[in-house]
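> Take the sequence shown: its letters are residues -17 to -1, 1 to 131, numbered as in mature numbering (1 follows the signal peptide of the UniProt record, and there is no 0).
Take the hints with a grain of salt, since some may be wrong.
No more than 20 angstroms apart at the CA atoms, straight line, and that leaves these computed lysine-lysine pairs for PhoX-like [unchecked claim]:
id, residue 1, residue 2
1, Lys33, Lys70
2, Lys73, Lys45
3, Lys88, Lys37
4, Lys45, Lys33
5, Lys45, Lys126
6, Lys73, Lys20
7, Lys73, Lys28
8, Lys97, Lys33
9, Lys33, Lys73
10, Lys11, Lys73
11, Lys59, Lys97
12, Lys97, Lys42
13, Lys45, Lys11
14, Lys88, Lys28
Restraint ranges, calculated between C-beta atoms of paired labels, are given here [as the list claims (entries may be wrong)]:
id, residue 1, residue 2, range
15, Pro7, Glu85, 25 to 31 angstroms
16, Arg40, Gly13, 20 to 26 angstroms
17, Glu116, Ser82, 36 to 42 angstroms
18, Lys97, Thr123, 28 to 34 angstroms
19, Asp5, Asn128, 16 to 22 angstroms
20, Glu71, Glu39, 46 to 52 angstroms
21, Asn128, Asn38, 18 to 24 angstroms
22, Val129, Lys37, 14 to 20 angstroms
23, Ala113, Lys33, 36 to 42 angstroms
24, Lys42, Ile75, 34 to 40 angstroms
25, Ile75, Met41, 29 to 35 angstroms
Derived by calculation from the structure, the hints in this document are not laboratory data. Even glycine gets a Cβ: it sits at the ideal position worked out from N, Cα and C.
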Amino acid sequence: MKKVLLLLLLCATGASAQTTYDEPLARKLGADEYGMKKYVLAFLKTGSVKIEDKNERMKVQKEHLRNMNRLAEEGKLIVAGPFLDGKENKGILIFNVESMEEAQKLAESDPGVKAGIFALELHPWYGSAALIETPRLHKTLQKKNVAD
């Protein structure tokens, strides 16, 4: 009996591990034959400017979050979030762009970068094309918007 259960479990696991290629979705998301695509990964770092006034600092932070929401709505920013260890690297951003130049322009549009409280370190990156669906899925999970 144990052998039969083990065999059924292995078969079920194997069946669930099979993939079904969705060519229209792969094409829509810009996936290559491996289901991957190019992005630009950015590390958000502590900038050279420290804003002492708490209200001004909070204002710049809100503008930073609104800018990230705007970029996500435009399909240019697909993943963003802070690191939780309080060190120099403040967070990560993944831009849905092909070139470093375009990512640099997007980075320069950030109010925190403009104010000098943040700096961005950009890297070309190759990852799953499925990440493009993250903003759409995230909207179904959030009760509140971080920029509000």
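> For every hint, state whether the structure bears it out.
Hints and how they fare:
no.: 1; hint: Lys33 to Lys70; result: 15 angstroms, holds
no.: 2; hint: Lys73 to Lys45; result: 15 angstroms, holds
no.: 3; hint: Lys88 to Lys37; result: 28 angstroms, violated
no.: 4; hint: Lys45 to Lys33; result: 16 angstroms, holds
no.: 5; hint: Lys45 to Lys126; result: 18 angstroms, holds
no.: 6; hint: Lys73 to Lys20; result: 25 angstroms, violated
no.: 7; hint: Lys73 to Lys28; result: 5 angstroms, holds
no.: 8; hint: Lys97 to Lys33; result: 13 angstroms, holds
no.: 9; hint: Lys33 to Lys73; result: 14 angstroms, holds
no.: 10; hint: Lys11 to Lys73; result: 32 angstroms, violated
no.: 11; hint: Lys59 to Lys97; result: 19 angstroms, holds
no.: 12; hint: Lys97 to Lys42; result: 13 angstroms, holds
no.: 13; hint: Lys45 to Lys11; result: 32 angstroms, violated
no.: 14; hint: Lys88 to Lys28; result: 17 angstroms, holds
no.: 15; hint: Pro7 to Glu85: 25 to 31 angstroms; result: 26 angstroms, holds
no.: 16; hint: Arg40 to Gly13: 20 to 26 angstroms; result: 38 angstroms, violated
no.: 17; hint: Glu116 to Ser82: 36 to 42 angstroms; result: 22 angstroms, violated
no.: 18; hint: Lys97 to Thr123: 28 to 34 angstroms; result: 32 angstroms, holds
no.: 19; hint: Asp5 to Asn128: 16 to 22 angstroms; result: 30 angstroms, violated
no.: 20; hint: Glu71 to Glu39: 46 to 52 angstroms; result: 22 angstroms, violated
no.: 21; hint: Asn128 to Asn38: 18 to 24 angstroms; result: 21 angstroms, holds
no.: 22; hint: Val129 to Lys37: 14 to 20 angstroms; result: 18 angstroms, holds
no.: 23; hint: Ala113 to Lys33: 36 to 42 angstroms; result: 38 angstroms, holds
no.: 24; hint: Lys42 to Ile75: 34 to 40 angstroms; result: 23 angstroms, violated
no.: 25; hint: Ile75 to Met41: 29 to 35 angstroms; result: 22 angstroms, violated
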